[in-house]
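Participant: Listed in order, the protein sequences are those of chains B and Y.
Per our numbering: the first sequence = residues 1 to 373.
Per our numbering: the second sequence = residues 1 to 373.
Worth double-checking, as some hints may not be accurate.
Computed list of chain Y residues with no C-beta within reach of chain B, every gap over 10 Å [said to hold, decoys possible]:
1) T63
2) D249
3) S292
4) M345
5) S371
Within a straight-line C-alpha distance of at most 16 Å, the following computed EDC-like cross-link-like pairs (lysine to aspartate or glutamate) qualify [what the hints assert, rightly or not]:
6) B:K349 / B:D336
7) B:K360 / B:D285
8) B:K360 / B:E174
9) Y:K162 / Y:D249
10) B:K349 / B:D293
11) Y:K112 / B:D15
12) Y:K30 / Y:D15
13) B:K112 / Y:D15
14) Y:K349 / Y:D285
15) Y:K112 / B:D336
16) B:K112 / Y:E17
17) Y:K360 / Y:D285
To be clear, the hints were calculated from the coordinates, so they are not data collected in a lab.
Just so we're clear, the structure is a prediction, and the values are computed from it rather than from any experiment.
Virtual Cβ for every residue (Gly too), placed ideally from N, Cα, C.
There are 2 protein chains.
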Amino acid sequence: MADKMDYASAGVDIDLEGSAVASLISSLGKSVRKPGTPGAPVDLPGGFGGLIEFGDHLLALATDGVGSKLQIAALLNQWSGVGIDCMAMNVNDLLCVGAEPIAFVDYVAVPKPDPEVHAALGASLAEACRLARVTLAGGETASLPGIVTELDLSGTALGFLKKGNAITGENLAEGDVLIGLPSSGIHSNGYSLVRRIMAHSGMDYTDIAPFDCNSATREIARFPGQSSQVSLGEIFLNPTRIYCNPVVDLINHAQSDKSYFSIQDIRAICHITGGGLSNLLRLHDQLGWEISDPLPPHPEFTWLASTGDVETWEMYRTFNMGCGMIIAVSQEHAEDIHAWLSAEMLGAKIIGRVVDNNRKVVHVPLGIEYSHY
Amino acid sequence: MADKMDYASAGVDIDLEGSAVASLISSLGKSVRKPGTPGAPVDLPGGFGGLIEFGDHLLALATDGVGSKLQIAALLNQWSGVGIDCMAMNVNDLLCVGAEPIAFVDYVAVPKPDPEVHAALGASLAEACRLARVTLAGGETASLPGIVTELDLSGTALGFLKKGNAITGENLAEGDVLIGLPSSGIHSNGYSLVRRIMAHSGMDYTDIAPFDCNSATREIARFPGQSSQVSLGEIFLNPTRIYCNPVVDLINHAQSDKSYFSIQDIRAICHITGGGLSNLLRLHDQLGWEISDPLPPHPEFTWLASTGDVETWEMYRTFNMGCGMIIAVSQEHAEDIHAWLSAEMLGAKIIGRVVDNNRKVVHVPLGIEYSHY
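Generate coordinates for the entire structure from the input sequences, incorporating the hints supplied.
Facilitator: Shown next, in the form of structure tokens:
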């Protein structure tokens with residue numbers, strides 16, 4: 001194609017979104033809830049938000065939606081994964097601060113309610129609750145024919161942690177080791193670009209994928225009644241991985257007497273979302289990140305890049321490229337923690353280390369770097 | 001007009017919505033979180049949902065959106081009240097179980113972010129947090145041009161209460177006294193019908209209201225730069241009342257040594273939302289409700305009924321008709337509690353009592369009744 005594709009040309013203006021959110025935040029004042037009382041806001045190093053005091057604990061809220069991945073689900077009338085996507089986007093964010101997710105509520109806006117779609121959403125949310133080990137504590141379905149033209153799904157997750165046990169990146173140090181956890185596919189970010197590339201390709205979502213979608217560290221959730229060959233729609237709708245297992249277990253294990261390593265050895269956790277590798281830059285003001293031995297990208301990323309003629313640099317700041325979560329751990333216990341994680345999740349891998357490079361993310365094999373989120 | 005208007009003809013199919021939600025719920029299984037652990041679901045008498053265990057406390061989540069009132073806000077580009085509406089719909093629900101709201105997160109879906117609109121939303125949410133006395137613990141803005149054509153705003157509120165102090169209606173008894181708290185106007189329900197009546201009336205939202213909108217128990221929040229005369233748009237966008245003050249204070253006072261009455265004297269709390277008076281039927285399996293001395297409806301309700309030729313029965317099951325919250329209290333301490341509430345909120349009034357009438361709501365002066373939600 002004539003123009004190379006990127007995320008902005010696919011219709012998402014990240015700067016405009018950022019400036020809108022900044023406008024909203026600048027209008028907010030200080031919380032009326034006083035320090036030491038339930039609900040008082042907690043500011044942690046690293047700028048994590050969403051935490052409030054609650055006695056000896058902190059509570060954390062995360063809210064997010066599935067986004068334009070839903071448009072592919074609507075096109076194919078396949079809803080079995082989107083509840084998992086919605087859960088994942090929220091609980092994976094809670095994990096990053098060391099919170100254990102315990103409850104979830106969903107919000108569905110539709111032009112007109114459809115009992116069949118809602119039954120599928122319910123089944124998907126039930127599976128998501130099982131995977132994330134949370135209680136579905138409510139939900140709302142709003143009929144808004146004047147506002148939405150298709151189904152929108154978002155949700156809010158609640159988590160908790162002991163005061164003093166937050167994982168903030170505060171103790172991050174040069175030489176800390178990065179462990180990457182494999183993604184299950186595209187997860188729930190970058191779908192404006194996916195859809196644009198699909199439109200350009202001339203292919204349908206029901207077409208058999210023109211590449212071998214096998215990947216050692218994930219399975220594709222099949223639609224009911226499909227042939228043995230996997231369609232592009234199945235690949236693109238593969239549910240986002242929920243990392244509660246192994247991350248909650250890792251955190252709890254680190255706090256137990258049986259553990260060789262402690263919670264202090266887990267320095268920072270990063271959920272790789274819309275900014276791709278540049279998400280790492282949120283975790284520290286000065287230190288940087290060197291990815292020397294990355295997880296392999298799933299085949300769909302390679303296909304998207306070549307079909308859309310997308311620059312590698314753009315791919316790695318839009319998609320997770322095979323790695324959905326990165327855990328920075330102390331050098332001393334990196335092997336222990338890697339071994340522990342590997343036993344719980346196939347494909348967990350040491351991918352690099354924390355470096356003192358003035359806050360850059362460097363992907364060594366590809367020679368690309370990021371210095372702005 | 002030829003046909004009388006009702007909520008269904010205004011485009012909202014409550015049965016379809018109910019059946020969609022029932023489909024979703026029937027797909028859900030049991031929570032994986034075991035009784036006695038954080039996040040385990042708590043079933044209370046009266047069927048209240050959304051509560052989970054957390055040590056000596058229960059945590060409660062409520063999630064809801066502003067709905068089609070947003071379409072009037074968009075038409076007039078007036079966003080200063082909708083954050084308060086969003087907060088109110090959620091925290092008022094938490095109050096009904098006796099929970100004190102402590103934190104809130106917002107979810108905004110837009111076709112394209114607009115920093116000016118977001119600044120207004122931020123100011124509105126900040127004011128809402130002050131009124132509800134909660135911390136804004138996060139939020140999400142999603143750009144979804146393929147899914148939403150106008151701004152959608154929803155949110156989730158988190159509250160807590162001591163185990164054993166939930167207000168469930170379990171101890172409700174014949175003779176209990178109903179105290180009504182005045183609404184500030186239409187609140188956030190029934191707007192499909194409001195918009196249909198407006199379309200039928202031939203009037204514009206910017207027109208001066210053709211009635212005296214003064215009402216003893218509320219003020220109309222004015223748009224900036226308006227004349228002294230109040231427009232229909234200002235009346236219809238008047239923010240939903242947040243009842244944290246006085247209800248949280250009442251609950252806390254009832255638990256203090258200084259109080260003449262106890263938490264057991266507060267038998268049930270009902271947020272009057274989309275079902276109008278029929279909301280009361282949710283609170284008990286057998287007992288009924290006699291409203292003998294109701295709060296006066298605000299003038300806009302009268303105007304809507306006459307302009308839309310809406311049956312009185314339909315009005316009282318669609319709108320709050322001047323009464324946004326009803327608190328059922330013991331006969332013994334009804335006067336104490338009424339006096340306490342009156343000191344905190346102008347217009348709090350004893351409006352009726354609990355009766356043993358096989359689960360009906362009876363509005364005595366108007367001779368109307370409801371036996372189904």
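Participant: Looking back at the hints listed earlier, which ones does the structure fail to meet?
Facilitator: Violated hints: 1, 12, 14, 15; rest satisfied.
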